[in-house]
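S.K.: For reference, the chains in residue letters:
There are 2 protein chains.
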Amino acid sequence: MPETKVKKDDDFNEWYNEIVELADLCDKRYPIKGMNVWRPYGWKLMSHVDNLIREEMNRSDHQEVCFPLCIPETLFQKEADHIEGFGSEVYWITHAGHSKLEERWLLRPTSETAMYPIFSLWIRSHADLPLKTYQIVNTFRYETKQTRAFIRVREIHFFEAHTCHVDFEDAERQVKEDKDIATTLLKRLCLPFIFNKRPEWDKFAGAHYTISIDVLMPSNRTLQLGSIHQYKDNFSKPYDITYEAEDGSHKHCHQTTYGMSERLLGAIVGIHGDNKGLVLPPAVAPQQVVIIPIIFKGKEEMVLQTCETVAMILKSHHLRVFVDKRDITPGNKYYEWELKGVPLRIEIGPRDVQNDQLVVVPRDTSEKFVVSLSDIEVQLPKALDDLNERLYEKAQNIITGNMHYVTSIEEAKELKGIVVLPWCGTDACALDVENILEGNTLGEPLEIDETVKQHRCPVCGSSAIKWMRFARSY
Amino acid sequence: MPETKVKKDDDFNEWYNEIVELADLCDKRYPIKGMNVWRPYGWKLMSHVDNLIREEMNRSDHQEVCFPLCIPETLFQKEADHIEGFGSEVYWITHAGHSKLEERWLLRPTSETAMYPIFSLWIRSHADLPLKTYQIVNTFRYETKQTRAFIRVREIHFFEAHTCHVDFEDAERQVKEDKDIATTLLKRLCLPFIFNKRPEWDKFAGAHYTISIDVLMPSNRTLQLGSIHQYKDNFSKPYDITYEAEDGSHKHCHQTTYGMSERLLGAIVGIHGDNKGLVLPPAVAPQQVVIIPIIFKGKEEMVLQTCETVAMILKSHHLRVFVDKRDITPGNKYYEWELKGVPLRIEIGPRDVQNDQLVVVPRDTSEKFVVSLSDIEVQLPKALDDLNERLYEKAQNIITGNMHYVTSIEEAKELKGIVVLPWCGTDACALDVENILEGNTLGEPLEIDETVKQHRCPVCGSSAIKWMRFARSY
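These protein sequence lines are chains B and L, in that order. The opening residue of the first sequence carries number 148 in the numbering used here; numbering runs sequentially from there. The opening residue of the second sequence carries number 148 in the numbering used here; numbering runs sequentially from there.
These are calculated hints, taken from the structure and not from any lab test.
Identical copies carry no separate label here, and so any pair may be met within one copy or between two of them.
Keeping only pairs whose Cα atoms sit at most 25 Å apart, straight-line, the calculated DSS-like set for lysine-lysine is:
{"no.": "1", "residue 1": "Lys480", "residue 2": "Lys279"}
{"no.": "2", "residue 1": "Lys155", "residue 2": "Lys480"}
{"no.": "3", "residue 1": "Lys175", "residue 2": "Lys247"}
{"no.": "4", "residue 1": "Lys279", "residue 2": "Lys379"}
{"no.": "5", "residue 1": "Lys225", "residue 2": "Lys247"}
{"no.": "6", "residue 1": "Lys175", "residue 2": "Lys155"}
{"no.": "7", "residue 1": "Lys344", "residue 2": "Lys326"}
Excised from the complex, chain B in its bound form (with noise of 0.2 Å):
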């Protein structure tokens, strides 16, 4: 069988940029680096995973909407954390046809500041609360560092989810939601993942706190798939966004945000993906089954009357199957599903028509086993389930394999992946681990843990308050 030039196992980023290309889900040869074109395929694959968001927005009550993409510069001022935070990374439009604009636009980094000005408007009494919207949307960052399709670009397509409550205790409920929201999600998209809390200094520009939702790739690398953020009343007073309370008195909003890129797609792609080609989650593969006839002259019609029997069986099952009657050979065939992630393969030849029965390889294993024709009904789907299970193992082993717990700079400087250290809660230490071990604070865990006060903090020596996680990430 054909496989990638670069191995994933020798060089991991070498072979996820080239497995995009291969497996036609962008074209990166756009004159705009960083602005990359989607291509059907991944495009396709892109819209299932846009899909499964939906379905966990609209069962929460969530309405999507769709704000303009342009932001006039005075209205994204108003909050001066968040000015501060994007600044220098927005583009700027300054000119329609031959005359210059009055005031410059920004093209949307994210968009509250040109949804909450309308907020302020559609929210006038309690009554109007929760405000639950979200849009999913392209917005505009400029990357100065290294552009990675999906991971790193500069123009993201992005989710946001936008809410407004009448106190901080339901915005707190909010944040549960959305994590409730988040874990479901990674698990169809088979991504185990952790929450940090952020610390002070990395939170998003202008939240109260921010909570991140990361995943940990092969190259031992976290990736940030999105994050969720506490806002409290920091955008609704500049925005004034205020409510008549029942008791006549008014009141700004406490708000939330929570927000997933197309990373997703990158992290689907480099976390399953093998040397062979992408592996697909059955939620979100365009194909989740191929069905591949196996002709011998003077048997097609039998062959091929079986695998439309077979695929309109399992349709109607609301699998997504196609079968592959094109004039090439099925190891070309075969060739070309592997790259794509087709999650099962299915070979029908006369030899299978004759004894009821098919030949079903998945993806993931390759190893082949034979399914009577009775039984596709119960064994597809259950092929399926267990492929779904064996990528979030597989997936699950990475992460709990390289998250090291350890109280010393010295055994940190030895791991890779995330380390856990314990820290006094002062900035200047945590910085100073960063430096050492040339990476990033990813936060602090969720769940308290009070064993972590039996340690001293590495750096100054002082107790420890907390856990805090290290990692290189992109």
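Following the hints, complete the assembly by docking chain L onto the known chain B.
M.R.: Below, chain L alone, put in the same frame as chain B:
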């Protein structure tokens, strides 16, 4: 029943401006004129329209892609007519963060110049053809005319199909397929329309010819919903899109595009709506049926249970159904769902439950009728079909009743809507008619009608060679 402040027959444009906000389609208070906020209901409705388009595109083997929004100036300038046509109406990005860009970028007004350099990389041989792609994205045009929601905006929700072919004939076949797609799609939206071959001076910048898709709004002004362009090799030459033919020679592709915009929604609102609000074609109504329980004390459970049963049955027939159990009066619910244009309202009270029946009220006629519970699986889909047909016929009457074949300017001056005049084929004569009628040249009918040769051009008196349509347009 509450109605709009402005009546549709009194002042269509004002009625339209009122209804788009009253029905929660959009919010026009965003601080950039012509860049509106899609509210949840409007966005849902537009998404249903998009999905109908996707259905048609997928059925005809087009592949969905997504190209970058920003286009470097040099790419844009390769096709001379194109830059001349769009140069004065594009937005320019000049800065990223605090730095000036080496080259200006523009926001796509349409995507030819972003796509075609990449098409030239994708297409190698005749085996790669036809290439049939489409995308649904936001585009940007600096409109200096008065803006109007969905009809004339500066950020446009846009559908664009781009195809490449071996020769002119194959591109012509694509134009025919596009016309069929437009016909199917607009039928489902209950929007009768006419194709017009645009005059030379008003074709798309760079096109060989342009066919517009026009509807007549109740204000007797036409609205162009979309267009189909035959490009010939006008773009493939400057963008170097060539293929190796079977005989080994290298040839330029012939290309077509097919575009439509959120104006589809503007037409649905304007043509079908009335003084009570929207009237939505079933194919795109976010809710096709709303069920209102008429509750009397002590009978709640019985009524609600029947409502849920009816909803379940209709949903199993793939209808979009909503049971409105909110604690407000039925009258308020009627008002709200009429405003939102839900095609069918079902009322169920205790007496209906006893009689195994329900009451159906179609949105367009408001004529109640009773359906037996045992008949709903047949009668409700039929009621939707009937409404669909009535919407189409009513709209058809607007256009047929206001399309006038006349042979003199004097007659034309007395008429509203679309006037069709014999024409000698000279630009100057058509432009004269435009001036006199204070309207636009819509274009010529696609069907050749030899009878026109019996007539003379009403401006210069020469023999007429074709009919030409004129109208006031949005």
